[in-house]
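Colleague: Sequence:
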Amino acid sequence: KMSILHTESKDIDHYISRINHLEAITTHQDQALRSLQEMLPSLIVVSKSNDQLDIPEQFWQALQQRLSGEKNTSLWNDFVKSNTDRLEALKDNDGSAAKEEKLHVITSDAFRDVMNARFSELRKEFGSSLIEVEEKIAKALSQRMSAASLSHEQARELAQSRIIMNMQQSIHEKNFFSPALGAKADIYLTSRTAHRTPNAALERWAEAGDCWCAAASIYGDPKAQLAVTLPKRVVPREFVMEHVPTGEEDVIGSAPRDLEFWARAGKMTGDTDMRGLEGPYSAGCATTPPASQYICLGTGRYDVNGDNWVQRFGVASSNGFDKFIVRVVTNWGAPNTCLYRVRLIGE
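Reading the sequence shown from the start, the letters are residues 1 to 347 in our numbering.
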C-alpha cells in the first residue's frame with residue numbers, strides 16, 4: 001500500500017523538525033547571529049553525553065518562536081527562567097549535582113559555536129536518512145508508475161525527483177498555515193467534522209488516516225470547507241495541497257478535486273478597501289462567497305492520478321490577508337472529503 005510513503009518518512013521526521021528550527025537562523029544568518037547576541041544569556045547550562053555538549057530541545061522550540069516574530073514569547077521566557085534556575089542551583093551546591101547530571105556552564109559565544117556545529121551534523125544525518133528512505137519510497141512509487149508505460153528506471157528516477165523536490169521545498173519554504181506560526185482553523189466557517197479536528201489539516205501527517213475529514217454535506221456542494229485564521233496579514237503566492245498516494249478506492253474517493261481559494265477582504269495592506277472590488281476578484285470561482293467580504297483568489301484541480309501527491313496552486317495578489325478559506329467544490333466520489341495537509345506560501 002502507498003501509505004508506506006509516509007510511514008517510512010516518519011523515520012526522518014526528527015531531522016526535518018530540527019532542521020526547520022535551524023532554518024529560521026540560517027536563512028538570514030547575519031541578522032540571526034546579531035539577534036542571538038542580544039537574546040542569549042551570558043552563561044548557559046548544557047548537558048554532555050558521549051563527550052559532546054547537547055543543546056536542550058527546549059532551546060530550539062523557544063528560538064523558533066522568538067525568531068518567527070510571534071508576540072507570544074512564553075517558550076523563550078521559560079527557557080531563560082529554566083537556565084537561570086539551573087545556574088542558581090549549581091551555585092548553591094558543591095558541584096556534585098553538575099557532575100551527576102553531567103552539566104556544564106558555557107558562554108553565549110561557545111553556545112553559538114555548538115549550535116552551528118549541531119546544524120552541520122543534522123544536515124549530514126538528514127542526508128543519510130533521506131537516501132535510505134528514498135529507496136523504499138521510490139520502489140513503491142515505481143510499481144504504480146510502471147502501469148503508465150514508464151520503464152522501471154524511468155519511474156524510479158521520477159519518483160526520486162518528486163520525493164527530493166517535495167522535501168526540499170517543505171524544509172526551505174515558510175508555511176504560513178503552520179500552527180507553530182499561529183495559524184488555526186476557524187470552526188465557525190469550517191465544515192462539520194467527521195474525523196479529527198480541522199487543525200489536523202494544517203499539521204504534518206505520517207500515514208493514511210492522518211487527516212481531517214469533513215462530514216458529508218446534506219446540501220450537496222461544497223464537499224468541504226476549511227477556514228484558517230493567521231496572526232498577521234500574509235500576501236498569498238501558493239496554496240499547497242497534499243493527499244496520501246494510495247490505490248485504495250475509498251481513500252482516493254475522499255481526495256479533493258475542484259478547489260476554490262478565498263480570502264477576507266475588508267481593510268487590506270496599505271489601507272486599501274477591497275470591498276468594492278469583489279466583482280473582478282471573484283472571477284473564476286463558481287460558488288457564492290462563503291461569507292461577506294470574502295473574495296476569490298483563484299481555483300484549481302487536485303489530480304489524484306498525478307505523479308506527485310503534493311500539488312501547488314498559484315494565486316496572484318498584491319494584498320495581504322489574515323483569513324483564508326480553502327473550499328473543496330467536488331471530490332473524487334466518496335461521501336466524505338478529507339484533507340491531509342494544506343499549506344500557504346507567501347510573504
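Each hint should be verified, as a subset may be incorrect.
[Stated by the list, open to error] Okay, derived cross-link-like pairs now, DMTMM-like style, lysine to aspartate or glutamate, Cα gap no bigger than 20 angstroms in a straight line: (1) Lys-81 with Asp-54; (2) Lys-323 with Asp-307; (3) Lys-323 with Glu-249; (4) Lys-323 with Asp-210; (5) Lys-81 with Asp-51; (6) Lys-323 with Asp-303; (7) Lys-48 with Asp-85; (8) Lys-323 with Asp-109; (9) Lys-232 with Asp-210; (10) Lys-232 with Asp-307.
[Unchecked claim] Computed beta-carbon distance windows for the label pairs: (11) Pro-179 with Val-114: 24 to 30 angstroms; (12) Gly-333 with Val-114: 50 to 56 angstroms; (13) Leu-43 with Arg-233: 47 to 53 angstroms.
Rather than coming from a laboratory, the hints here were simulated on the basis of the structure. Just so you know, even glycine gets a beta-carbon here, dropped at the ideal spot from N, CA and C.
Colleague: Run every hint past the structure and note whether it holds.
Modeller: Here is what the structure says about each hint:
1. For the given pair, Lys-81 sits about 18 angstroms from Asp-54 by alpha-carbon distance, which is consistent with the 20 angstroms threshold.
2. Taken as a hint, the Lys-323 and Asp-307 pair is broken in the structure, with Cα atoms around 31 angstroms apart against an allowance of 20 angstroms.
3. Distance restraint check for Lys-323 and Glu-249: the Cα-Cα separation of roughly 33 angstroms exceeds the 20 angstroms cut-off, and the hinted pair is therefore not satisfied.
4. About 24 angstroms separates the Cα atoms of Lys-323 and Asp-210, which puts this hinted pair outside 20 angstroms; it is violated.
5. Between the alpha carbons of Lys-81 and Asp-51 the distance comes to roughly 26 angstroms, so the proposed pair goes past 20 angstroms and is violated.
6. With a C-alpha separation of about 26 angstroms, the suggested pair Lys-323 and Asp-303 falls outside the 20 angstroms cut-off, and the hint is violated.
7. The hinted pair formed by Lys-48 and Asp-85 meets the criterion: a straight-line CA distance of about 18 angstroms does not exceed 20 angstroms.
8. Between Lys-323 and Asp-109, the direct Cα distance comes to roughly 41 angstroms. Violation of the 20 angstroms bound is thereby established for this hinted pair.
9. At most 20 angstroms may separate the alpha-carbon atoms for a hinted pair to count; Lys-232 and Asp-210 exceed this at roughly 28 angstroms.
10. This hinted pair does not check out: Lys-232 and Asp-307 have alpha carbons roughly 35 angstroms apart, beyond 20 angstroms.
11. Restraint check, Pro-179 to Val-114: a C-beta distance of roughly 29 angstroms satisfies the suggested window 24 to 30 angstroms.
12. Between Gly-333 and Val-114, the C-beta spacing of about 54 angstroms keeps the proposed range 50 to 56 angstroms intact.
13. Taking 47 to 53 angstroms as the suggested C-beta distance range, the pair Leu-43 and Arg-233 does not conform, at roughly 39 angstroms.
Hints 2, 3, 4, 5, 6, 8, 9, 10, 13 from the list above are not met by this structure, while the remaining hints are.
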